[in-house]
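Enquirer: Read off the chains here:
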Amino acid sequence: MATEHMLRMGDGKRIFLTKEKILADLKDGMADAVDLGEIPELSGDELDKLLDIIIMPARMVGVEPGMEVPVTHDIGTIRLDGDQGNSGVGIPSSRLVGCMMHERAFGADTMELGHIDYSFKPVKPVIAQEMQTMEVCQQNMVIPLLYGAMPNMGLYYTPDGPFENPGDLMKAFKIREAQESMEHAAKHLTRDIVWIMQRMMASGADGVNFDTIGAAGDGDLYASLHAIESLRKQYPDMYIEAGMAGELVLGLHGEMAYNGTVLAGLWPHQQAPLVAKAGANLFGPVVNTNTSRSFAWNLGRAVTFIKAAVKASPIPCHVNMGMGVGGIPMLETPPIDAVSRASKAMVEVAGVDGI
Amino acid sequence: MSKEETFKMLSDAIVSCKKDAVEAAVQKAKNEGIAPAEIIEKGLAAGMNTVGIMFERGKLFLPHVMMAAGAMEAGVKILEADMPKDAAKKKLAVIVNGTVEGDVHDIGKSIVSTMLQSSGFEVHDLGRDVPLQDFIDKVKETGASMVGMSALMTTTLPGQREVIEMLKEQGLRDKVKVMVGGAPATQNWADKIGADCYAENASEAVARAKELLL
Chain W
47 MATEHMLRMG DGKRIFLTKE KILADLKDGM ADAVDLGEIP ELSGDELDKL
97 LDIIIMPARM VGVEPGMEVP VTHDIGTIRL DGDQGNSGVG IPSSRLVGCM
147 MHERAFGADT MELGHIDYSF KPVKPVIAQE MQTMEVCQQN MVIPLLYGAM
197 PNMGLYYTPD GPFENPGDLM KAFKIREAQE SMEHAAKHLT RDIVWIMQRM
247 MASGADGVNF DTIGAAGDGD LYASLHAIES LRKQYPDMYI EAGMAGELVL
297 GLHGEMAYNG TVLAGLWPHQ QAPLVAKAGA NLFGPVVNTN TSRSFAWNLG
347 RAVTFIKAAV KASPIPCHVN MGMGVGGIPM LETPPIDAVS RASKAMVEVA
397 GVDGI
Chain X
473 MSKEETFKML SDAIVSCKKD AVEAAVQKAK NEGIAPAEII EKGLAAGMNT
523 VGIMFERGKL FLPHVMMAAG AMEAGVKILE ADMPKDAAKK KLAVIVNGTV
573 EGDVHDIGKS IVSTMLQSSG FEVHDLGRDV PLQDFIDKVK ETGASMVGMS
623 ALMTTTLPGQ REVIEMLKEQ GLRDKVKVMV GGAPATQNWA DKIGADCYAE
673 NASEAVARAK ELLL
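Chains W and X, in that order, are what the protein sequence lines are.
One rule links them: number in our numbering = place in the first sequence (from 1) + 46.
One rule links them: number in our numbering = place in the second sequence (from 1) + 472.
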């Protein structure tokens, strides 16, 4: 009987597959990325390397010496103080304590301050609190401390915001009205992000982390790129990290363009040059995990996409790795066997600059 | 032109998202003596399937999906006179869709509603943060044969299970299929809570709904 190796499905379930089946899944996942993104295949050596990483006997693996990369961090300190059954571990701690723990105990190379709602819009009413906290954190920390939040353009539509919900308008065949609603929302989002970051920079922030750009579709990306451009003009030295929400920019508007490129339908390797053009220092590409496929299928697909993004990106790429992205299974606390293998693969095969 | 070529012409017209092109194609098919039901099923609906797949692949966008759906409606209108009374207006099935209570995520669920609607289902979109009893009330009110529930957070995911329990308690479970989706939902979760299906994305939601309801 052929030896079978433990790996997981995209939903985290343990499975056992032969080397041949793992390699077949790696190739299938790669082929899916090649087909969707119209990008090159991985080489035979790279597929063999991915296979080696997957079947390594240790529960947890690491990169080869000399290949270590920086790790940046998002979601603020919610990982520690969140206590609502989400990915937080419910340790009562101030945000200052949380930031310092990430710096001094967890080995984060950059950290960010984030608000509990973690979207830009709700920061406006509590901006004074955020400014004060940023200043106190900066006085106690050494590593770059950014301000992080999600653009989250959905908050500008009814019932949360002033503009009619494009989803409702679309369903009523009011296509132009829906597009106009997105255009208005994008302008407000850009304005709010810039306004908030002007104040955070005045409080000593080292920069900004845009987390989950594009979550509300192409308008969300449009607004974020314009905010990046505006901030870069105002603060030539600030650090701007642009992380995506998903692998594909959903075309909810369909016609919004930046620098002559239509934003809808862009894959990671097409997003990277635009993010760099807008003025970001760092790009955070995302590849989504398919929960019905094996870890091997998802890893082959994710590495193929990210390798192409790294190649196309004029700025460093820090790939998003975690629950349901980067080949990692969709689990609240992602299993370390999968997290460490996927991370090693991203560094050693996709060639990412960081995680 | 063979029947197959005519169906392809109809499908291509839908993919072009142009109302004029669809109307012309339907008229041509009608003149060739093809039955209205075949024109709709093998031509127009097949085109809408392709539109859905192209949306998922980032080749067409939501406004195109709606334009294609609008063009399909215009095409079906031409056939109305040749179909049994009200048959053209008849929807495939009635589906109640929404994001469960406590969860304010709207966009993915709205895309699913839009794709189901443009594929011929009558969709009652309850919005987001929907009180769980509202799903049940809407099923009773509309006679829906499917409930779709989205959740984007692990903290709100259990709402999907609660609605299934409520459907059982109120004697409706056997009459209604349940579809679940949203980032933390998985096939495993769907199996665990006794849902009839799980859909990874909008075009899969349409495919699963057709499998279960037609």
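Among these hints, one or two may not hold up.
[Said to hold, decoys possible] Reference excerpt, derived from the structure (chain W facing chain X, CB under 8 Å, subset only):
| id | residue |
| --- | --- |
| 1 | Q130 |
| 2 | Q184 |
| 3 | T337 |
[Claimed, not checked] Lysine-lysine pairs mimicking DSS-like chemistry, simulated, CA-CA at most 30 Å apart:
| id | chain 1 | residue 1 | chain 2 | residue 2 |
| --- | --- | --- | --- | --- |
| 4 | X | K549 | W | K220 |
| 5 | W | K217 | X | K514 |
| 6 | X | K480 | W | K220 |
| 7 | X | K610 | W | K59 |
| 8 | W | K217 | X | K561 |
| 9 | X | K610 | W | K217 |
| 10 | W | K323 | X | K514 |
| 11 | X | K649 | X | K664 |
| 12 | X | K549 | W | K217 |
| 13 | X | K475 | W | K220 |
| 14 | W | K59 | X | K490 |
| 15 | W | K357 | X | K531 |
| 16 | X | K612 | X | K682 |
| 17 | X | K502 | X | K557 |
| 18 | W | K220 | X | K647 |
| 19 | W | K59 | X | K475 |
| 20 | W | K279 | X | K612 |
| 21 | W | K59 | X | K514 |
| 22 | X | K475 | X | K514 |
| 23 | W | K59 | X | K563 |
| 24 | X | K500 | W | K220 |
| 25 | W | K95 | W | K73 |
| 26 | W | K217 | X | K491 |
| 27 | X | K563 | W | K220 |
| 28 | X | K531 | X | K557 |
| 29 | W | K220 | X | K557 |
| 30 | W | K217 | X | K647 |
| 31 | X | K664 | W | K220 |
| 32 | W | K279 | X | K475 |
| 33 | X | K502 | W | K233 |
| 34 | X | K557 | X | K664 |
| 35 | X | K561 | W | K65 |
| 36 | W | K67 | W | K357 |
| 37 | X | K563 | W | K217 |
| 38 | X | K563 | X | K682 |
In short, the hints are calculated from the structure, not lab data.
A virtual CB, placed ideally from N, CA and C, is assigned to each residue, including glycine.
Enquirer: Evaluate each hint against the coordinates.
Expert: Each hint tested on the structure:
{"no.": "1", "hint": "Q130", "verdict": "holds (6 Å)"}
{"no.": "2", "hint": "Q184", "verdict": "violated (31 Å)"}
{"no.": "3", "hint": "T337", "verdict": "holds (4 Å)"}
{"no.": "4", "hint": "X:K549 with W:K220", "verdict": "holds (20 Å)"}
{"no.": "5", "hint": "W:K217 with X:K514", "verdict": "holds (24 Å)"}
{"no.": "6", "hint": "X:K480 with W:K220", "verdict": "holds (28 Å)"}
{"no.": "7", "hint": "X:K610 with W:K59", "verdict": "violated (35 Å)"}
{"no.": "8", "hint": "W:K217 with X:K561", "verdict": "holds (17 Å)"}
{"no.": "9", "hint": "X:K610 with W:K217", "verdict": "holds (19 Å)"}
{"no.": "10", "hint": "W:K323 with X:K514", "verdict": "violated (46 Å)"}
{"no.": "11", "hint": "X:K649 with X:K664", "verdict": "holds (15 Å)"}
{"no.": "12", "hint": "X:K549 with W:K217", "verdict": "holds (19 Å)"}
{"no.": "13", "hint": "X:K475 with W:K220", "verdict": "violated (35 Å)"}
{"no.": "14", "hint": "W:K59 with X:K490", "verdict": "violated (45 Å)"}
{"no.": "15", "hint": "W:K357 with X:K531", "verdict": "holds (23 Å)"}
{"no.": "16", "hint": "X:K612 with X:K682", "verdict": "holds (21 Å)"}
{"no.": "17", "hint": "X:K502 with X:K557", "verdict": "holds (18 Å)"}
{"no.": "18", "hint": "W:K220 with X:K647", "verdict": "violated (34 Å)"}
{"no.": "19", "hint": "W:K59 with X:K475", "verdict": "violated (47 Å)"}
{"no.": "20", "hint": "W:K279 with X:K612", "verdict": "violated (57 Å)"}
{"no.": "21", "hint": "W:K59 with X:K514", "verdict": "violated (39 Å)"}
{"no.": "22", "hint": "X:K475 with X:K514", "verdict": "holds (10 Å)"}
{"no.": "23", "hint": "W:K59 with X:K563", "verdict": "violated (39 Å)"}
{"no.": "24", "hint": "X:K500 with W:K220", "verdict": "holds (29 Å)"}
{"no.": "25", "hint": "W:K95 with W:K73", "verdict": "holds (12 Å)"}
{"no.": "26", "hint": "W:K217 with X:K491", "verdict": "holds (17 Å)"}
{"no.": "27", "hint": "X:K563 with W:K220", "verdict": "holds (21 Å)"}
{"no.": "28", "hint": "X:K531 with X:K557", "verdict": "violated (37 Å)"}
{"no.": "29", "hint": "W:K220 with X:K557", "verdict": "holds (28 Å)"}
{"no.": "30", "hint": "W:K217 with X:K647", "verdict": "holds (27 Å)"}
{"no.": "31", "hint": "X:K664 with W:K220", "verdict": "violated (39 Å)"}
{"no.": "32", "hint": "W:K279 with X:K475", "verdict": "violated (60 Å)"}
{"no.": "33", "hint": "X:K502 with W:K233", "verdict": "violated (48 Å)"}
{"no.": "34", "hint": "X:K557 with X:K664", "verdict": "violated (43 Å)"}
{"no.": "35", "hint": "X:K561 with W:K65", "verdict": "violated (54 Å)"}
{"no.": "36", "hint": "W:K67 with W:K357", "verdict": "holds (29 Å)"}
{"no.": "37", "hint": "X:K563 with W:K217", "verdict": "holds (15 Å)"}
{"no.": "38", "hint": "X:K563 with X:K682", "verdict": "holds (12 Å)"}
Hint check: violations occur at hints 2, 7, 10, 13, 14, 18, 19, 20, 21, 23, 28, 31, 32, 33, 34 and 35; the rest are consistent with the structure.
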